[in-house]
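Asks: Spelled out from the first residue to the last, the chains are:
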Amino acid sequence: MRTKSLKALAAIGLSTAVIAALTGCGTAGSGGGAAAGPVDKLGKTEGAVKILAWPGYVEDGSNDPKVDWVSDFTKATGCKVEAKTFGTSDEALNLMKTGDYDVVSASGDASLRLIASGDVVEVNTKLLKNYDGIFPFLKDRAWNTVDGKHYGVPHGYGANLLMYNTETYPTAPTSWDVVFDKASEHQGKITAYDSPIYIADAAVYLMAHKPELKITNPYALDQKQFDAAVSLLKEQRPNISEYWGDYLKEVQSFQSGDSVAGTTWQVIQNTLESEGAKTAVVLPEEGATGWSDTWMISSKAKNPNCSYAWLDYISSPKANAQATAFFGEAPSSEKACDFRDDCASYHAGDADYAKKIWYWTTPIAKCLDGRTDVKCIDYAGWTTAWQQIRN
Amino acid sequence: MRISLGTRVTLGIITAVILLVVYVPLLVVLINSFSTSSSLTWPPPGLTLEWWGRAFRSDGALEAVGTSALVALVSSALALILGTMLSFALQRFSFFGRNTVNLLVILPIALPGIITGIALNNLFRTILGVPLSIWTVIIAHTTFCIVTVFNNAVARLRRMGTSFEEASADLGAGIWTTFRLVTFPQLRSALLTGGLLAFALSFDEIVVTTFTAGSGVRTLPMFIIDNVARPNQAPIVSVIAVVLVIVSIVPIALAQKLSGSEQQRG
Amino acid sequence: MSTIAPATTPPRTPTPPPRRTAARRGSVYLSAHPRARLALLLSAPLFWLGAVYVVALALLLVTAFWTTDTYTGQIRTEFTLDNVVTVVTNAFYQGITLRTIGIALAVTAIDVALALPIAYFMAMVASPALQRTLVVLVLTPLWASYLVKAFAWRSVLSSDGILDWLLRPFGGSTPGYGIAATIITLSYLWLPYVILPIYAGLERVPSSLLEASGDLGGRSWATLRLVVWPMALPAIIAGTIFSFSLSLGDYITIGIVGGGAQMLGTLVYQDIGAANNLPLASAIALIPIVVIFGYLFLVRRTGALDNL
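Protein chains in written order, with our numbering: chain A, 1 to 391; chain B, 1 to 266; chain C, 1 to 308.
Take the hints with a grain of salt, since some may be wrong.
[Unchecked claim] Derived SDA-like pairs (lysine to any residue); straight-line CA-CA distance at most 20 Å: (1) A/Lys300 x C/Gln74; (2) A/Lys302 x B/Pro131; (3) A/Lys97 x C/Ile75; (4) A/Lys80 x B/Glu63; (5) A/Lys97 x B/Gly129; (6) A/Lys300 x B/Leu128; (7) A/Lys84 x B/Asp59; (8) A/Lys318 x A/Asp342; (9) A/Lys66 x B/Gly53; (10) A/Lys234 x C/Arg99; (11) A/Lys126 x A/Ser316; (12) A/Lys182 x A/Thr166; (13) A/Lys300 x A/Asn94; (14) A/Lys84 x B/Gly60; (15) A/Lys84 x B/Pro131; (16) B/Lys257 x C/Arg204; (17) A/Lys97 x A/Lys302; (18) A/Lys300 x B/Pro131; (19) A/Lys44 x A/Ala76; (20) B/Lys257 x C/Thr140; (21) A/Lys302 x B/Val130; (22) A/Lys84 x B/Leu62; (23) A/Lys214 x A/Lys366; (24) B/Lys257 x B/Ala155; (25) A/Lys318 x A/Arg340; (26) B/Lys257 x C/Ala123; (27) A/Lys80 x B/Gly60; (28) A/Lys97 x B/Leu128; (29) A/Lys84 x B/Met222; (30) A/Lys66 x B/Gly60; (31) A/Lys278 x B/Pro43; (32) A/Lys80 x B/Asp59; (33) A/Lys210 x A/Ser231; (34) A/Lys302 x A/Asp100; (35) A/Lys366 x A/Asp147; (36) B/Lys257 x C/Ser127; (37) A/Lys66 x A/Phe339; (38) A/Lys75 x A/Asp60; (39) A/Lys278 x B/Pro45; (40) A/Lys302 x B/Gly129.
It should be emphasised that the hints constitute simulated quantities derived from the structure, not laboratory data. Quantities reported herein were computed from a predicted structural model and do not represent experimental measurements.
Working from the sequences, and respecting the hints, build out all of it.
Replies: Here it is as structure tokens:
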């Protein structure tokens, strides 16, 4: 019986090998989409739109009845919104590749990759009445405009802040050293963002503390600079309680005391504050990484008219104010500040402040700071290194 | 075999303690479903019935339960048919490659879910170019549910023997009639157990489902994973879990009674 | 001659001969041709398993011998051993593999240690009514979603969770999130899957054998060792297949209670998703496949596969 089953196994193996050979190049990657020009005019809205967004960007009241800017959109356009959230830009990219979504809110480290792979289309900004009302310094930037073609509408922008437990740190920290060099003071209680892009945060720290490395752009790291950033993160590893990629983990972590300091988004601090937790945030002196998001339309969008309607709606002053206020970021619409009273603290419209944030950008081999004598580490390298850092 | 009283008592106590520990996290879930904290901190700052109300009114949750139930039902039904056929084939006949087929049946459940998931995802999306949908999920679930039905059916067939079926044939009954009136009644409770287990496996499955579900399909585990990350939805997830546990007690107890009475007769 | 007259039976109408319908003819044919019956029974399931599962698996494994062009993200379909070699020789992957296997073994050991007394009690000591209740009690937690249970453990293990609250008076504290937490949670999650086959196996030991052993002079311990154990072993191993393989490929639980730690499943998941590197993910997936095939092959002889 044994030889017989071995023979059977061999037969199956052979036939599958044949099948495999026949299907040969079956696993084609997502090829670059046809570079069709943007839509010329809008037609009737389709009645539905599927949006892929950061958690908190598309609120329809199901989370908190008072937080809802989607219902007004649906009432005005008849487009029913189906939203899906993601935790990191990598997840977003992956989901966009399926072609199941119409609109995505892409941060700078996702937008260029989406454009390059043909997953998003050029947007005809003339069809959007609210486009002109967007702050000029957010338009025509490297992450949303390629060769003069616009690929989306800017949403808000914000920084990755340092959150700390006010009981553990009675005086507010002013530097990222609480999560790097001084992290061992609270071993096992530091948290960090769970994405390879966090390596840039280490690079920002090194820009201030190890100027001899001559890092000018935290996303343009040659081998030596990259290794320094990676070893800083490997030193940080034993002090980490956990890496967070979704809200609740960080909220729970700070509430239970499992974490006392780490990188965060304003919206998380807002949630903790509403629960009465003893936390606060600060933008440290070294500066910070951040994100400037763009609403983009999928090349496989099944509801292009509703997609344009959403882009227009979310950049209208009132909706833009609601969405960005909830998330805790500066708005992209100039008139949004008429609807918000905290614009000053977010430095809304302050182009100089916006310049100080190192927005998420995809690292590529061609150095983003313009150097041509060295090769920089590309995102694939960042991803491999990140796996080894996390171990 | 005489087991001393001391051993009996010790075993009884160990069993009780372990079962107690098993239910502690479930108790935590129960309490969390009443917690006033929306991010489920412990101990809960207060108790409220709000989440219970919201859960039953939550369209997303109800739809997810419906989707999961549908997928589990169809997958179990398909698995029942395929598993029974396979069990007859492997138990009643001996043929070339029988052990290999046996191995094949077990593979979907023996190999980690993520492997099954990415293999099927690759097959559907890249090779066949088929868009993911509820049917791809059902196909995936059926594949790993077959084994639970198979094993239960084989065990029962082994115990049953063929004498009744042969007698039935001798009396002139055709194959289908024999199956319907003689074999199936004896097989029934084993199929029920296998089917219930298949249903439970499919209902709670998350890994393979993540890779094979289209964007419009949201099973209950997917709903849970989406909402466990949203501060105001997490307690609703606890409510769902509690309801599931309570609801499941009845069919489990029923299945147990049925197979128990069969065993006593057999 | 019997004094008891046979009960008068009404005259029976002779049963008509069966009609020669197509179904009847088919049935006659199949009765006479076992091979045809076999073919019919096997065709649908084998087609399903073969066409859907085996082919999918084979195609996946083929991609392990390809690579992804890091610049364009496209897959290059030229045969190369690069990924497989990297995964086998690189210290990082070796470390994660050992850790994953270690976790799987620890979880299996804990589960078997916990399952044996319970299964034994259920099968050999408990009354039938208690048996049924216990089975219900063991099966019920399976219905509380895997994710919910994992998150419940996250709560239990946190710095202000129940475990800490229980251990503090004794000077202990919660292990927090990490490998230990992962092992504890995985053991908890798979316990019912291990208890059930062992219980089923122990139940199948006929009491007649136990009595015979007693009659032959064997005391409890000897009977256990020489009669029960060999019969229960396949069932125990069947249980271990579940806990071992479920732990080997898990990535969700370690993401919830593992702190920052990673297992093989985490790497596969990241390489499929974040890194968009299917070939590398397949190469890593080869490891659990080989390990499990190896384990299955080893235990085939014990008959464990029939006890799943």
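Asks: Which numbered conditions among the earlier hints are violated in the structure presented, ordered from lowest to highest?
Replies: none
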